[in-house]
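Our numbering puts the first residue of the sequence shown at 1, with every later residue one more than the last.
Source of the hints: derived by calculation from the structure; they are not laboratory data. Any given hint could turn out to be false.
The calculated label-pair distances, taken between Cβ atoms and stated as ranges, are [stated by the list, open to error]:
no.	residue 1	residue 2	range
1	A177	R334	30 to 38 Å
2	S54	L193	22 to 30 Å
3	P243	G52	53 to 61 Å
4	M208	R334	42 to 50 Å
5	M208	S37	40 to 48 Å
6	L122	I10	43 to 51 Å
7	T61	G183	29 to 37 Å
8	P393	G126	31 to 39 Å
9	V333	K120	26 to 34 Å
10	R50	L122	30 to 38 Å
11	G249	K120	22 to 30 Å
12	G228	L6	41 to 49 Å
13	V403	S5	27 to 35 Å
Even glycine gets a Cβ: it sits at the ideal position worked out from N, Cα and C.
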Amino acid sequence: MNSASLPQRIAQFVARDKVGGALMISAAILALVLANSPAAGWYTNLSEFRLGPSSLHLDLTLSTWAADGLLALFFFIVGLELKHELIAGSLRSPSRAAVPVAAAIGGMAVPALVYVVMVKVLGDPGATSGWAIPTATDIAFALAVLAIFGSKLPGSLRTFLLTLAVVDDLLAIIVIAIFYSSGLNLWFLLGSLVTVAAFSWLAKTRRMRWWAMVPLALLAWVLMHESGVHATIAGVLLGFAVPARQVHGEDDTRTHMIEHRLRPLSAGIALPIFAFFSAGVAFSGEGTGNVLAQPVLVAIAVALVAGKLIGVLGTTKLVTTFTRLRLADGLGVRDLLPIGLLTGIGFTVSLLIAELSFPDSEHTAAAKLGVLIGTALATVLAALALVWDSRHPRGDDMNLDGVPDVDTAPYDSTHPDWTYTRSDDAPLQ
């Protein structure tokens with residue numbers, strides 16, 4: 001019997017892939033409707049409302065707080081995820097990780113190339129600065145689509161997608177840190193890193209002191225923001241600072257315990273609010289021109305849908321054909337079609353990079369709309385591909401390694417946690 005309290009049950013419900021994805025989609029649709037309705041003025045004023053102490057250079061607009069502040073919580077979860085996968089997950093074994101890692105690299109390189117070629121061919125060569133926009137994959141959104149339409153498929157498909165998306169996010173984080181940071185202040189950066197180190201020490205102690213860890217995390221974010229490096233990078237580093245192995249005789253890892261507490265806040269509050277403030281693109285109007293006629297829009301949409309699919313499918317096929325590496329048990333070449341389409345769901349990180357890529361509102365609006373259109377197309381096509389894949393009989397040796405598949409059980413969509421090691425009904429101490 002589930003003895004969890006009502007708040008715990010609500011948190012568990014919100015943290016599920018399907019629910020989190022639905023909240024993000026709903027927030028994005030609401031933003032689009034408001035931005036193109038008589039309430040557009042109210043929406044714009046709300047987005048541009050400033051809040052915060054100016055003495056600390058933190059008098060930011062609400063939309064900036066959502067992108068730099070709330071999204072740091074999402075990136076903290078990503079950091080925890082990366083740490084777990086590197087230490088105890090699918091990335092700990094080079095041979096197991098090699099194929100999805102290669103797919104992730106191909107799934108970033110090809111869309112970037114497609115985008116650059118298209119904006120030049122379509123007559124807007126100055127827009128090449130947005131090359132990184134279609135390279136990202138939204139883990140939460142993609143897993144939500146998989147949970148809804150592919151729950152009968154083997155768990156190895158979800159593991160492959162998760163590993164690919166984790167590497168994709170890691171590379172996207174590196175891209176943001178290198179190409180989308182400006183005016184670097186080394187002293188503030190050093191201060192942020194020292195603060196992260198102090199946070200790491202506290203995260204390893206026998207008893208986690210939240211009263212000290214939370215202020216340290218906020219200080220690390222502020223210092224990173226002041227350094228000129230995008231503030232969300234602080235979230236990733238803080239996630240990396242948490243131990244991913246069991247310590248002090250605990251029956252669970254610190255990465256899972258912290259993730260278990262914060263995932264509902266990220267999925268239920270941070271990401272929907274970010275989607276609400278970021279997805280509100282006016283199709284036309286003052287400062288945006290005719291957004292629908294921008295080459296950037298078409299290039300991003302095509303790169304997300306076709307570029308991602310070609311990159312993931314093509315790279316995986318090349319690696320498994322010309323090397324001894326093979327796909328995991330239960331996973332076949334036909335499964336690469338829905339996987340490739342799922343990686344075209346850019347959304348969160350793509351919208352963030354779109355905000356950082358262009359100095360003018362016209363290109364930014366077109367880029368965001370391109371992300372939304374590309375994500376919508378990729379979602380619909382991925383859903384159709386997952387349904388098709390689920391309805392067709394599966395062979396005994398899907399990965400063609402000459403050995404009958406063993407691990408072919410569907411994943412448990414009621415426990416979507418990537419660090420899941422015990423019942424989510426068990427209370428945290």
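Tell me if the beta carbons of T61 and G183 are separated by a distance inside 29 to 37 Å. Cβ of T61 to Cβ of G183: about 19 Å, so the range 29 to 37 Å is violated.
Return holds or violated for the Cβ distance of M208 and R334 against the range 42 to 50 Å. holds (45 Å)
Given the hint of 22 to 30 Å, check if S54 and L193 actually sit that far apart at their C-beta atoms. holds (26 Å)
Between L122 and I10, is the Cβ distance one that fits in 43 to 51 Å? Because 47 Å falls inside the window, the suggested range holds.
Within 30 to 38 Å: is that where the Cβ-Cβ distance between R50 and L122 falls? At roughly 37 Å between Cβ atoms, L122 and R50 fall inside 30 to 38 Å, so the hint holds.
For the hint 27 to 35 Å, verify it against the beta carbon of V403 and that of S5. violated (47 Å)
Range first: 30 to 38 Å. Now tell me if the beta carbons of A177 and R334 are that far apart. holds (37 Å)
Does the beta carbon distance between P243 and G52 stay inside 53 to 61 Å, or does it fall outside? About 33 Å separates the Cβ atoms of P243 and G52, which means 53 to 61 Å is violated.
Do the Cβ positions of G249 and K120 conform to the proposed distance bound of 22 to 30 Å? violated (59 Å)
Indicate whether the distance between the beta carbons of G228 and L6 respects the range 41 to 49 Å. This hint holds: roughly 44 Å between Cβ atoms.
Cβ separation of M208 and S37, checked against the hinted range 40 to 48 Å: holds (46 Å)
Take the C-beta atom of V333 and the C-beta atom of K120, compute their distance, and say whether it sits inside 26 to 34 Å. holds (33 Å)
Hints 3, 7, 8, 11 and 13 from the earlier list are contradicted by this structure; the remaining hints agree with it.
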